[in-house]
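Below, each chain spelled out in residue letters.
2 protein chains.
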Amino acid sequence: MPARHDGDAKPAHRSRSVSSPTVAEVAAEAGVGKATAARTLGNYGAVSPEARARVLAAAEKLHYRPNSLARSMTTGITQTIGVVVADISNPFFAGVMRGIADACDTTDYTAIVLSTDEKLAKERSAIGVLIDKQVDAIIIASAALQPNETAHILEAMSRRIPIVLIDRKVRGLDLDAVVINNRESAHDAVRRFVELGHRRIAFVWGPTARERAADRRRLLALAESWLWSDAERLRGYLDALDEAGIPFDPELVTHCEYNEEVTVGAVGEMLALPDPATAILTTETDAMVGTLRAIRAAGLVHPRDVSVIGFDDSSWASVMEPPLTMIAQPMLELGRAAAQHAFARIAGDDGDAVVEAIPTTFIPRESVASPRTRISAADGR
Amino acid sequence: MPARHDGDAKPAHRSRSVSSPTVAEVAAEAGVGKATAARTLGNYGAVSPEARARVLAAAEKLHYRPNSLARSMTTGITQTIGVVVADISNPFFAGVMRGIADACDTTDYTAIVLSTDEKLAKERSAIGVLIDKQVDAIIIASAALQPNETAHILEAMSRRIPIVLIDRKVRGLDLDAVVINNRESAHDAVRRFVELGHRRIAFVWGPTARERAADRRRLLALAESWLWSDAERLRGYLDALDEAGIPFDPELVTHCEYNEEVTVGAVGEMLALPDPATAILTTETDAMVGTLRAIRAAGLVHPRDVSVIGFDDSSWASVMEPPLTMIAQPMLELGRAAAQHAFARIAGDDGDAVVEAIPTTFIPRESVASPRTRISAADGR
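Top to bottom, those sequences are chains D and W.
Residue numbering for the first sequence follows UniProt numbering, beginning at 1 and increasing consecutively.
Residue numbering for the second sequence follows UniProt numbering, beginning at 1 and increasing consecutively.
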């Protein structure tokens, strides 16, 4: 291994790379025009089989290797899609990535991924890297919440790099977006609780703000500064309460950090109220795991004492005892659809921005029951 | 949005990129030497504050923008680490990625990730993209099983790109590797079963081969063509059986595809044997979920009827009823350590290849019990 680490490794590598023959040199060697050589080496457009064979032979003889800049100069196509996700360790984004990779497999594109940990500074740097690496399009789940946080995205747009938003719309950006029907999905889940007779329905996770929103108006104002998808789920929750004539109770919406540990305490408080929560909608996997721990810590069991429905299905949810009723996000479809939008823009589609909302799938299992079961169980204690 | 999609978008973008001024032009404008301009623009080495200010002013005036090739020509550093993982949707790799990203956060590096779906063809293409994009180092969980499948890795090595293997060693490649202590971890888990009195201990997942290995020698021969990490876990299992004087029974090692659905059937067969498995070690999350479904389908419960221990802890495992005893892989540490090895090689470390084995953590919960409980429960039926 020392051979690949000797002192002059870098310079030797770089100068070899730089001294790669140009497309013009390959064309001259092959006795064809430069455009023909570029089409052959870039693998696009029509080239006669004979000319193609001569170009490839010349390229091999001269040790031509297309690097990304050389390729982009000759063909305008570097054939990479940059993907910027909030958290690569979240199974949701892992699934989305899988969908994007699947779509790339059917083309000559390769997806390269950068994770930002929901931090705007890292997102800016990621976009900078993707501009430098000359990707052909960018798919991004942006952490930007407000129009004044989008300068880096506008910068990429100004360089005419097609951008597709995924999972979240961003206020102030008129871009293609592929999202789920967040509001309808939350509305539907809460309506199911209502139809079984629940009136004390909780929403986990609400705002991360420490101070509790005193009323519905304040809560919706807070939501204006959230990620779009989170705010939409809250709106769906409120829609269902309105529909059922159930007054909004701020004590049934968590105001806590988005982590499992803190959630255990926050949900524990809801379960200890004089008029406790009897049904809980969770918006993320960690919110569900924290909720289940809180239910257990309170000596309760689902669904007898508390019904639960969660966003983001997982194979684990099906082996919980009893199995969990979940809202499955179409992760693969989201990724595939975003990639298709990116391919269309790369190919020159200059139509208006399209927002595609892909519906979730409700997976009924056994974590939802009527609240009467809980009351009778409590009576029996 | 039409502005970023008009017909001549690509050419305009590319030609602007190509016509960016050179470092020499910026140096001339600033009235400094080319080396000083390169150091300032590349943000490395010592430059006087005054010279730096003049270079930056000149760069701004000339609309200089370092692209990856320009930057690598001037500084030799593109400041990106390429990461090639087998499956980005596997929480294990997601955690590893998080560790790599954490390490990059403390430096000026950015990690870009490509997923190969354990397919060698996609891995080859991923390495090609990373060479083209001129990453400074590559961290890879390779799908290569045999020395004759490593040409693409040798190609990157010949270009003096430092490469660090993660999760798996690859036969025939003498490279830095960061792995877990697979063999010892499996040995330890099986020894715990043995100490509780188990003799019928199963291993899920064994070979994907359809034909069952008739004996231990054949099984180990099969393992020679597996991923290194899987083979090591099997060896640890056999070590523990040997230690306890328990004969190897091929019926207690799955011979099935690596997916949850097929695992349900394979484990179901083990539980239906005249002398059934009373303890099961699983090597992956999907193997555990499939095993739990098989246990439930057989009308059994853990740990009363069957004890289980699995590789890859998850927050779900702690809320299973009863909670699962797991072997937690140090995913973040693996990622961080691999990144540190990559940084060291980039900085010029030319020492011998280092294999770093990071120990797992055994997380005792409530899915392991003595087999006597099962026998007495069965007697009581």
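Take the hints with a grain of salt, since some may be wrong.
Note that identical chains are pooled: a pair holds if it fits in a single copy or bridges any two copies.
[What the hints assert, rightly or not] Lysine to aspartate or glutamate pairs mimicking EDC-like chemistry, simulated, CA-CA at most 16 Å apart: (1) Lys122 <-> Asp102; (2) Lys169 <-> Glu149; (3) Lys122 <-> Asp105; (4) Lys122 <-> Asp108; (5) Lys122 <-> Glu260; (6) Lys119 <-> Asp105; (7) Lys34 <-> Asp105; (8) Lys169 <-> Asp230; (9) Lys122 <-> Glu243; (10) Lys169 <-> Glu224; (11) Lys119 <-> Asp102; (12) Lys61 <-> Glu25; (13) Lys61 <-> Asp108; (14) Lys34 <-> Asp239; (15) Lys122 <-> Asp87.
In case anyone wonders, no lab produced these hints; they're calculated from the structure.
Computed from a predicted structure; not experimentally measured.
Verification of the hints:
For the homomeric pair Lys122 and Asp102, the shortest alpha-carbon distance between copies (11 Å) is at most 16 Å, but the shortest distance inside one copy (26 Å) is not. With identical chains, the CA atoms of Lys169 and Glu149 are at most 16 Å apart within one copy only, with a shortest distance of 13 Å there and 43 Å across copies. Taking CA atoms no more than 16 Å apart as the test, Lys122 paired with Asp105 passes between copies only; the shortest distance there is 9 Å, against 28 Å inside one copy. In this assembly of identical chains, the alpha carbons of Lys122 and Asp108 lie at most 16 Å apart only when taken from different copies (11 Å versus 28 Å within one copy).
Taking CA atoms no more than 16 Å apart as the test, Lys122 paired with Glu260 passes in neither setting, with 24 Å inside one copy and 36 Å between copies. With identical chains, the CA atoms of Lys119 and Asp105 are at most 16 Å apart between copies only, with a shortest distance of 11 Å across copies and 30 Å within one. In this homomeric assembly, Lys34 and Asp105 never come within 16 Å of each other (Cα to Cα): the closest approach is 30 Å inside a single copy and 43 Å across copies. With identical chains, the CA atoms of Lys169 and Asp230 are at most 16 Å apart within one copy only, with a shortest distance of 11 Å there and 42 Å across copies.
Within a single copy, Lys122 and Glu243 get their C-alpha atoms no closer than 41 Å, and across copies no closer than 51 Å, so neither meets the 16 Å cut-off. Proximity of Lys169 to Glu224 under the C-alpha cut-off of 16 Å is restricted to the intra-copy arrangement: shortest distance 12 Å within a copy versus 49 Å between copies. Taking CA atoms no more than 16 Å apart as the test, Lys119 paired with Asp102 passes between copies only; the shortest distance there is 13 Å, against 27 Å inside one copy. Taking the closest pair of Cα atoms, Lys61 and Glu25 come within 16 Å of each other only inside a single copy of the chain (11 Å); across copies the shortest separation is 34 Å, beyond that limit.
Taking the closest pair of Cα atoms, Lys61 and Asp108 never come within 16 Å of each other, the shortest separation being 25 Å inside a single copy and 38 Å across copies. With identical chains, the CA atoms of Lys34 and Asp239 are never at most 16 Å apart, being 62 Å at best within one copy and 64 Å at best between copies. For a Cα distance limit of 16 Å, the shortest separation of Lys122 from Asp87 inside one copy, 11 Å, qualifies, whereas the shortest one across copies, 23 Å, does not.
This entry does not satisfy hints 5, 7, 9, 13, 14, going by the numbered hints stated previously.
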